[in-house]
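A.B. asks: Sequence positions in the sequence shown follow my numbering and run 92 to 439.
Simulated from the structure, these hints should not be mistaken for laboratory data. Check before you lean on any hint, since a few could be wrong.
In silico SDA-like pairs for lysine to any residue, Cα to Cα no more than 20 Å straight-line [claimed, not checked]: (1) K326 with S282; (2) K268 with G286; (3) K353 with Y435; (4) K148 with N166; (5) K406 with V438; (6) K375 with Y395; (7) K148 with Y164; (8) K129 with S106; (9) K379 with I362; (10) K352 with K375; (11) K148 with I185; (12) K434 with K326; (13) K341 with I362; (14) K326 with T244; (15) K292 with A229; (16) K411 with T389; (17) K384 with T293; (18) K341 with K406; (19) K434 with R271; (20) K391 with Y412; (21) K339 with S247; (22) K375 with I362; (23) K129 with A177; (24) K261 with S119; (25) K326 with T316; (26) K384 with F287; (27) K332 with S247; (28) K379 with K411.
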Amino acid sequence: MAITATPASAATEFSGSPTFVDSFLPPSGSSVIDFSIKLVDPYITTAGADLGKPAKKIWARYTKDDTATTPTYANANITQPANVTAIPNPHEVIVKGSVPASVSDTPSDKWRLQLGLTAPDATAEPTSWTSFEFVVAAATKVTNFDIDPDNVTLKSGSSVDVGVRAIVEKAGGEVFKDARVESDSTSDYYSLQTGFEADDKTYYDYVSMDSSTATGRWQAKLTFTRGTKTYEFVKSFNVSKGTTSKAKSKITFKVSPTKVKKGKSVKMYGIVYRGYTSWGPWKKKILKLYFKKKGTKTWKFAGYIGANNSGKFTKTVKPKYDGYWRVGAFATSVTLGKWSSYKYVDVR
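Turn these sequences into a full structure, and let the hints guide you.
C.D. replies: As structure tokens, this is what we get:
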């Protein structure tokens with residue numbers, strides 16, 4: 092996210108105002124707010140040994156509260172122009188720098204960047220500065236991040252629903268990119284939906300784990316992008332299980348298309364498997380199709396789908412609402428049940 096500051100004063104050496112990128116606080120630790128500004132006539136143009144060298148040294152400093160009686164300034168990072176062999180046309184250069192920011196800082200419109208110019212070999216700060224005020228937004232935060240239960244005990248012949256809850260405090264520009272629960276020690280994971288409840292900040296979803304699920308430490312992970320930054324919020328929990336002599340099952344589930352006009356059909360299809368040490372088709376298995384409308388918590392039964400001798404199944408559905416679809420292969424006396432992953436369908 093780029094923000095162009097409003098200059099409080101002007102200097103002929105600088106052209107316009109700096110542009111700030113990712114002008115917001117980090118959710119944890121520290122980061123930097125990058126800026127860039129155009130500098131005109133940056134090089135020595137007279138013939139001689141100094142031709143093409145920077146004509147000025149650039150200084151940068153900042154304060155986080157320019158309303159204080161005596162603002163406290165600290166040095167900002169600034170990259171000096173490099174020597175050139177040919178004077179650019181137009182005679183200008185983009186200068187880049189950055190201002191540090193940390194989670195403990197206060198978001199406000201009171202931040203100020205000051206830039207100054209001196210002779211190239213000067214060691215003393217400039218006697219005059221050009222000031223630019225800029226806004227620093229609040230951090231993206233995830234609070235009340237809970238796993239229920241946070242110690243999962245898998246039961247033979249049945250599944251355990253594991254709920255993921257969180258409050259996401261958005262401050263502008265966030266994109267919810269991914270949500271999942273994943274094993275710390277294996278490649279096993281379950282995808283979660285990336286929608287919010289009606290208040291646009293409460294997140295909830297759950298996965299069903301059975302005895303085919305890897306044991307050990309797991310984590311729920313919510314991934315957001317904001318500007319050029321990517322943030323991952325995680326919450327750990329533990330999974331353990333007992334022994335079982337039942338066969339395992341798994342389902343591949345696909346939906347096409349995933350965006351559809353109201354009244355049009357989508358195809359839901361996949362393959363259901365069962366096995367002990369290797370996978371084979373779960374022949375003639377009757378699956379149950381469920382739907383959860385976007386913004387709600389309840390999965391509703393939507394019909395049956397029968398698999399053929401190859402374990403393949405297919406069904407045509409006309410969705411009425413945006414929401415999530417999944418199929419379940421329910422347990423028998425000799426085979427464990429399994430839910431498919433969730434698939435989102437956008438009804439236009």
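A.B. asks: Starting from K391, check that the Cα of Y412 is at most 20 Å away, please.
C.D. replies: holds (13 Å)
A.B. asks: Are the Cα positions of K375 and Y395 separated by 20 Å at most?
C.D. replies: Roughly 12 Å between the alpha carbons, so the hint for K375 and Y395 holds.
A.B. asks: For the pair we were handed, K326 and T316, check the Cα-Cα distance against 20 Å.
C.D. replies: OK: K326 and T316 at ~18 Å, within 20 Å.
A.B. asks: Assess, step by step, whether the Cα of K434 is no farther than 20 Å from the Cα of K326, and give holds or violated.
C.D. replies: violated (23 Å)
A.B. asks: Are the Cα atoms of K411 and T389 separated by 20 Å or less?
C.D. replies: Given that 20 Å is the threshold and the Cα spacing comes to 16 Å, the pair holds.
A.B. asks: Has the given pair, K375 with I362, been kept, meaning a C-alpha gap of at most 20 Å?
C.D. replies: holds (11 Å)
A.B. asks: Is the hinted pair K326 and S282 satisfied, with a Cα-Cα distance of at most 20 Å?
C.D. replies: Status holds; Cα separation ~15 Å.
A.B. asks: For a C-alpha distance cap of 20 Å, please report whether K384 and T293 respect it.
C.D. replies: Holds, because 16 Å separates the two Cα atoms, which is no more than 20 Å.
A.B. asks: Between K339 and S247, is the straight-line Cα distance small enough, at 20 Å or below?
C.D. replies: holds (10 Å)
A.B. asks: Keeping to a limit of 20 Å between CA atoms, is the pair of K434 and R271 held or broken?
C.D. replies: holds (13 Å)
A.B. asks: Need the status of pair K379, K411: alpha-carbon distance at most 20 Å?
C.D. replies: Since the Cα atoms of K379 and K411 sit roughly 19 Å apart, the hinted pair holds (cutoff 20 Å).
A.B. asks: CA of K292 to CA of A229, is that 20 Å or under?
C.D. replies: holds (15 Å)
Hints 10 and 12 from the list above are not met by this structure, while the remaining hints are.
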